[in-house]
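S.K.: So the chains spell out like this:
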Amino acid sequence: MSNAHYEPWKWEVPKTIIGERGHIPPDAHTKVVGTAEFTSDVVRPNMLYVKYYIAQRGAGRIKKLDTSKTEQVDGVVKVLRYDDKSIKWASDTLKPGNMTTFLNDRVYWAGHPVGFAVVAVSEYACDQAIKKAVIEWEDLPCEVDYNKALASKDLYREDINPQNNIMDKGEKVNNAIGDVEEGFKHCDHIIEFEYEIAENTPVSAEPMTCVCEFDNDDNCKIWFHGQAFNTIEEVVGEFVPQNKIDMHSAFNGGTFGGPISHQCEGWTAWLAIIAAYITRRPCKSVWEDCQFVGADECMGHHKWKVGYNNNGKIIAVDLDTVASGMMIGGEISKIKASTCIPNLRHTYVYPLYNRVVPGVFRDGAVAGTCQNMLFAHVAAALNMDPTEVALINDGGDGKTLAELEPKRVEEGFPAGRDSLKECLEKGKKAFNWSSKYHAAGARKLPDGRMHGVGFTWTESWQNWPYRRTRCGINVRYDGTVDVIYRRSCTGPLVALPYAQVVAAEMGMKLDDVIYQPDRHNVGFDTMSEASSSGVATNLGALVLAARKAKQNLLEYACKDAVTFMFGMEIPNPAPFTGLTPDKLDMKDSVIFEKSNPSHTATVKQVVQLHAGWNPIFQHEYSRFFTEAESDIPNYMDTALGRQCHFVEVAVDTNTGKVDILSACLVNDVGTAINPDVINGQQYGGFSMGMGRGNAQEVVYDPVTGAKLNDNMVFYPILGIGDVGPISCEIVETKTGYSPYGAVGLGECGCAATMGLTAAAVYNAIGKWVDIPTTPNNVLKALGKA
Amino acid sequence: MKTLEIFEHINAKSFEDAVAALQKGNAEVVAGGTDLIGTRRFNVLPSNPATLINLKTIPNADYIKEEGGFLKIGALAKLEDIAENDIVKKKYAALAEAAHKTASPHLREMGTIGGNICQLNRCWFFRKDDNYYDCLRKGNTKTCFALTSDNRYHSIFGMEKMCAAVNPSDTAPALVALDASIVTTKRTIKAEEFWAVAIPGSTVLDSDEIVKEIQIPTPASGSKSAFKKLAIRESIDFPIVNCAVLITSSGARICMNAVHNKPRRATDAEALISGKTITEELATQAGEKAVEKAVAMSNNKWKIAATAGIVKETILAAANA
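Just so you know, the protein sequences line up as chains E and F, in that order. Each step along the first sequence adds one to the number in this note's numbering, with nothing skipped, and position 492 is 492. Each step along the second sequence adds one to the number in this note's numbering, with nothing skipped, and position 83 is 83.
So here's chain E without its partners, still in its complex pose (with noise of 0.2 Å):
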């Protein structure tokens, strides 16, 4: 239920910290220098190794299994088989990731763990075993093509339907709006167009691994990598009760949404909860180099018919998609979010066929390509400037930015703020747009290249305060303060901007506030702090917290303290002793008289005062404990803040090649909390957006559904270094449902830059290319292959 009461977005802003750059991550320093603990790094005393066997083959079924020569190996424990009945596994509805396939004897596509898992004292003994294993494969029919699969009689996953190859199909009414086949009737062009977005999959910089262990009283310690801790605990829960996990958080690296979190962490953690139950001794699963068992949302089919109007207002768009998975929200869910456009439908079919089918995706990438799809598109077909037709049809759900304004001024935002102009002000002038804009294959660079320049925009990841979040603010026996709340490391810096939030809230120094990095006994459920979305979801816990924690201070500051010692009482007079609350303020860790600043006391005198006068005999410091939960806002379900994107490109014709040679990223996060930060997730946003548009694609074997190009090596992810010079600019419009106006950031540079090099290389040759922009999807396009 959404309160009404609960409008966190016209909190003020404090005046000191937030939005400062310059101050240095808690963290930053054994990052630097490697000698921060990654879950991989976790060594337990006695601790095992477990291994999953991967199916390297897309399809078939294990017709005999033969392990002897596993159990064999020098240093192995145990060898989990499917088939042994002995084992206690969870219950189906546990394993992670609706794998009710899991770990079976049937294979549904190339990475998927079956047949058995091995314990071991050492990875090495682990992998020596995994070798020895011979197995039997009755060959089954394999199809990783999804036009073939649904032409298909046979079935690729009959465990998902054992009809046909449809996983699901239809229309996604939820993004439906209006009557499209009628607005095709009121608008002056209709132009139709398809493309193909190839698969491609997270990988992050730190394999998937999980430590776990019991001890002999069945208490449970988790060092768990990922995001989803509340479904781990449930899989514990399965074996021990849930108030006897402990679970903890080292740094993960850069894990990126969809099957990350779902179902590769899932998988990771189950076997080592598994193993460690089995066993009785720490274990610890363990993955190959980077995670490829997962498909992203990406991959698809998409077939437009839009009409718009000669001034580039789009009237109705019917998208027809055939794609793998199942998106969040749909394609079209970021084109509803943030236009007027008045008639939108999208109808589906997700196939089934021997890739792995994604559990749940988040980062919206496949939607954030959509509208810059359609967009680009339009733009194209009336050789408008793209910025204005993206001008023209800013809204959300149909209605105009104008009919949106007077429910914005009602909820309390402020009057008159145009996100999407103020994002294209800064970032054509940044980008230098005026002069690079061309008509699509005008410009010719002197070394021959075609030079081209893509633009899209869409709504900002703002309004995930859906979910409500606590979190506690311990101020310790000699004034500092640490936030505790739970933490899943999946790669955005959140330990300043959220200490920076408490610091500036309660009045502390900032070098006072830590936001501890591996707490999570606490019995909190939230959001991982880390993710899509960490302000919108967190920040109103962090600051309703913050402000009891001060409260609480300076009610203690006013309030006379006594000691008991030995049967005497000890009387000791407050600080400001006769003052009331209200009177005061806080500073730099620092208790003063608003109408006298010179009258202060220290946060540490304070606490030091009622804690006792020898904390070896009294702990009453955990009166200075304070915890809080956000609240859920009654917010529109249409989006305020705007993000929009600019990137130049060279194509060479000759070769296909197309090098980035500039961007601008433009995000309005409402209030930045920490720019600095900001700028980090967008350089590192981008670069994954340009690897997913213009490099990244899974190839498969057609004959065997095996992964050809599973690898570092094959599979190319972009580094910062191809993408060339990037400005970042930041907006702050207020316009977010969080604390302060501010919206998330974690995810959406990446997200919505995937389709920018298509839109770029159409400027420069005139043609549109498949998703990857890679030299043969180009010199296809140019003919030449």
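Just so you know, nobody snuck in bad clues.
Straight-line Cα separation of at most 27 Å, DSS-like style, residue types lysine-lysine; simulated pairs:
| hint | chain 1 | residue 1 | chain 2 | residue 2 |
| --- | --- | --- | --- | --- |
| 1 | F | K2 | E | K78 |
| 2 | F | K138 | F | K2 |
| 3 | E | K69 | F | K2 |
| 4 | F | K2 | E | K132 |
| 5 | F | K301 | E | K444 |
| 6 | E | K132 | F | K142 |
| 7 | F | K138 | E | K69 |
| 8 | E | K784 | F | K301 |
| 9 | F | K138 | E | K131 |
| 10 | E | K131 | F | K2 |
From the derived model, a few chain E residues whose C-beta atoms are all more than 12 Å from chain F:
| hint | residue |
| --- | --- |
| 11 | P26 |
| 12 | K69 |
| 13 | P141 |
| 14 | I166 |
| 15 | H189 |
| 16 | E196 |
| 17 | N216 |
| 18 | E238 |
| 19 | L493 |
| 20 | K548 |
Short derived list, chain F residues pointing at chain E, Cβ under 10 Å:
| hint | residue |
| --- | --- |
| 21 | T3 |
| 22 | S149 |
| 23 | R152 |
| 24 | N300 |
To be clear, the hints were calculated from the coordinates, so they are not data collected in a lab. By construction, the Cβ of each residue, glycine as well, lies at the ideal position given by its N, Cα and C atoms.
Fit chain F to the given chain E structure using the hints.
M.R.: Only chain F this time, still in chain E's reference frame:
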């Protein structure tokens, strides 16, 4: 992370030492290890020799010097040292650029010129971990899996011994274009004749033969050379196709790589441009000439166009150097 099989490790004190150890059998040499260690770790081959003979402990085998009308490069010279050597950059620009374009800075600081020219072929069937595709280059089947699967990066000049894999070396075409010779512990081999389709190797080396030195004749005054590479990534990648070109007053040498099992000279294109003023039109014609005999597999017609393009661009780069 996959773990390496345990192996015996011997530090050679000289090439003679290393050869003697090789002759005992069940052994292979390692220099920078940037290819070999990955090959072992991912179980690319059905089995690996039990002993690794470390060449890095051989003293004075990483020199780069001009001597007797040749540039002489010790087999253990690091790629980064070659890329940054002033003499190489000035007189043998194609090689300097090829070394510079190889892999990434870290790998160039480890990888050697000897290793770079001896690396195994780069084919995603051959390289698939756990020896999943037991292909003919491993000596166990007669099948090239590329024939019936995705072959977008495979040979465009047909198959040799029924293999469609390509040689991925960046320095190899530069050495061929510069008319280098490879000095081994047994003989001196013209670079052009150095590569072969072996099981599983990619050179004509005997099992007890080791590369000691590269010799490149000093180009005639006025000669120019260049190297170009097409790859997905700038920061690190093997070539989709690469090309090195040497233009002298009397002729030209053009060598492409990653287009066939072995580096391939474009002799028809050389003849077309030899002695002529290089224009864009002539370079375009030469690029087309270079792929005149190319034959597309099912997925790599685009690569023929890309090869023509890279040859054209390399010729122009050499002419304008």
